[in-house]
Amino acid sequence: MAMQLDQNQLSEAIQKLELFFSCRQLDDLDTMSVSDPYIVLFQKTNQNNWSKIGQTELIWNNLNPNFATSIIIEYYFEIHQYLKLEVHHYVNENQSKIIGIAETSLAAIAGAKDQILMADLFSLQGKKSGKIIVKADQVKQCNDDLEITVSGQNLPDTRIWFWHGACPFLRFYRLRKDDSNPILVYESEFVKDSSNPTWKTIKCKAQKLCNGDYQMPIKVELWDHRTSGKHLYLGETTFFIDELRESFTQNKPQKKEFRNKQKNNSPAGTITFEKFNLKSKYTFLDYCQGGQQLNLILGIDFTASNGDPKEKNSLHYIQQDENSSQYLQAITSVVEILINYDHDKKVPVYGFGCQPSFNLINTNETLHLFPLNDNPEDPEVYGLDGIVQCYRNAIQHMQLDGPTYFHPVIQKAMEMALESKLKGSKNYLILMILTDGQTDDLQASIDDVIESSHLPLSIIIVGIGNANFKKMAILDNDDNSMVNSKGQKAVRDLVQFVPFNQFKYDSSLLSREVLAELPNQLVEYMELMKIPPQPPKYQKNQMLYQQTQQTQQQPGFTNQNFVQGFPQQGF
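Be aware that the sequence shown starts at 1, since it is given in full-length UniProt numbering, and climbs by one per residue.
Please note that the accuracy of each hint is not assured.
[Said to hold, decoys possible] Here are the simulated distance ranges between beta carbons:
1. 519 <-> 94: 46 to 52 angstroms
2. 143 <-> 24: 31 to 37 angstroms
3. 266 <-> 76: 46 to 52 angstroms
4. 336 <-> 486: 36 to 42 angstroms
[As the list claims (entries may be wrong)] The calculated DMTMM-like cross-link candidates involving lysine to aspartate or glutamate, where the alpha carbons are at most 25 angstroms apart (straight line), are:
5. 128 <-> 36
6. 205 <-> 145
7. 426 <-> 344
No wet-lab data here; the hints were simulated from the structure.
The structure presented is a predicted model; accordingly, all values stated were derived computationally and were not measured.
Cβ coordinates follow ideal geometry from the N, Cα and C atoms, glycine included.
When you get a sec, could you build the whole thing from the sequences and use the hints?
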C-alpha cells in the first residue's frame with residue numbers, strides 16, 4: 001500500500017512569472033484625503049469567467065503607490081492568458097470603490113520591453129483614471145528561507161518641538177542589471193520617534209527577496225513615515241545575500257552606511273544586520289525524488305444519519321449500474337489521484353458506526369471500527385476498483401446505527417504510523433475519513449490529532465451531505481487555537497477538512513481542495529523530525545554505475561560480474 005513518485009513520472013517544471021505592481025496619477029475618490037488603493041488581479045477561465053488569483057496590500061493616502069505584495073502566476077507560452085487588473089479604493093471592510101480597470105494578457109507583459117507593461121486604467125464610466133505598471137520577473141526555483149534582523153543607528157532627526165528622531169521604515173528593492181527599474185519586494189513597519197530603531201525580523205523566502213540570486217544587489221531605502229502618505233526620503237544603501245552569509249560565517253555583523261542621494265550623498269546614519277539565517281527548505285518533490293513512501297488508509301461512516309441505503313435520499317444510495325452515492329463520488333475523486341503513486345495499490349479500508357452482518361464479522365453490536373472487506377487479518381483491498389467494489393458489497397450487509405466516533409479509526413491510523421516510525425521507516429500515512437456529520441467524541445479526537453502531530457500522519461476529512469460541520473472546522477485547526485485535555489497545542493498542521501457539497505459538481509476541484517495541504521504537511525513533519533530527503537534514485541544509480549565502471553578496469557572482471565552487480569531496471 002505504498003505510494004511513490006518515480007523520477008520518470010515527474011513532469012517538467014512549470015514556468016512561473018512574479019508580477020509586481022505600481023500605479024500613477026490615480027483618480028482621487030476619498031472626500032477627506034486621497035485614495036487608499038489596492039489591486040485585485042483576475043484571470044479569464046475556460047468558461048469565459050473571471051477568477052480572482054491574487055490581491056496586493058492596501059496603501060493609505062497615495063495616488064502613486066508602489067505595492068510590495070507580488071503575485072506569482074503560471075506562464076504558458078502556447079496559451080493566451082487574459083488578465084484583468086482592478087484598482088480599488090478602500091472604504092471599509094465590506095465596501096470599496098473601483099478607481100479603474102485595465103485588461104491585458106500575460107503574453108503582453110512577458111513580451112513587453114524589459115517585461116514592464118504600462119497600461120491606462122478606465123473607470124466604470126469609461127474615463128481614464130490613471131495608469132498601472134506591471135513588472136514581471138521569471139521565478140527561479142529556490143525554497144531557502146531567510147531571516148534577517150536589522151537595526152538603525154544615528155538616523156536623521158526630522159522632528160522638532162516636543163518630538164525627536166523620526167518614524168523610520170525601510171524599503172527593500174531588487175536591482176536589475178541596469179539599475180533602472182528597481183522592484184519593491186519588502187516594506188518594513190515604521191518605528192515611532194526613534195533615531196536608533198530595531199525593526200521586526202524579516203522572514204521570507206529567498207526567492208521573494210532576491211529571486212534566489214545571492215549575488216543580486218538589494219537596495220535598502222530609509223524613509224520617514226508621514227500620516228499624509230507623503231513620506232520623506234532619508235537615504236539608501238545596498239547589500240547582497242552572499243555578503244551577509246560570509247560575514248555571519250565569521251561571526252561579524254554587517255554594517256552599512258545610509259547615503260542621501262538627494263543631498264550630495266551626505267551620511268544618513270547606519271544600518272546593522274544584527275541576525276542572519278539562510279535555511280535550506282526542502283520541498284515535497286525533493287522527498288518524492290528520494291523515494292518517499294505514502295500509505296493511504298480509508299475510513300467510511302455508516303451511521304444512521306446517512307439514511308437507509310435502500311432509499312433514494314440516502315447518502316449511501318447506489319443505483320444498480322451507477323456510482324451515484326456521494327461517498328463513491330468523493331472516494332473516486334481523491335483516491336484515483338493517490339492510487340497512481342501506490343506501487344502495490346493495496347489500501348486498508350475500514351467502516352464505523354453500524355452493525356455489519358458479513359460472513360466473518362456478524363454482530364448485533366454497533367462497531368466503531370471494522371475491516372470493510374470482512375477480513376480481520378488483512379483489511380487491505382486492491383486499487384480503486386477494489387475499494388469501490390468492496391464498498392458496494394458491504395453496504396448491502398449492514399444495519400446503520402450510531403453514534404459517530406472518530407477516535408477508533410484515528411487510533412488505528414496512529415498505531416500504524418507509530419509502528420512505522422519505531423521500525424525506522426520513513427513512510428508517511430494518510431488517513432481519509434468520509435463522514436456525514438459531527439463527531440460525537442470531539443475531545444478524544446482533538447487529543448488524538450494533537451498527539452498525532454509527532455507521528456508521520458495526515459488526516460483528511462470529507463464532509464458528505466448538508467450537516468452542520470462546525471466541529472470539523474475545529475479539527476482542521478487552521479488558526480492553531482485547538483488544545484487537548486492537557487492544554488497542549490499541535491506542533492504542526494495535519495488535518496484538512498473539505499465539505500463535499502461545495503465541490504460535488506467538479507471532481508477536479510474537489511481533489512485539489514482535499515489534497516492541497518498534504519505536501520506541506522509532509523514537509524513540516526520531516527522538518528520537525530529533522531529528516532532530510534534521500535538522494536534522488538537516479539543519483540544513486542549513477543553513483544553505482546560509476547563504481548561499476550571503475551570495477552570493470554580491475555583485473556579478472558567479467559561481464560557476468562557486471563550483470564550480477566548492477567540493477568537490471570537501469571537508471
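Verification of the supplied hints:
no.	hint	result
1	519 <-> 94: 46 to 52 angstroms	violated (34 angstroms)
2	143 <-> 24: 31 to 37 angstroms	holds (35 angstroms)
3	266 <-> 76: 46 to 52 angstroms	holds (49 angstroms)
4	336 <-> 486: 36 to 42 angstroms	holds (40 angstroms)
5	128 <-> 36	holds (18 angstroms)
6	205 <-> 145	holds (5 angstroms)
7	426 <-> 344	holds (17 angstroms)
Hint compliance for this structure: hint 1 is the single one not met.
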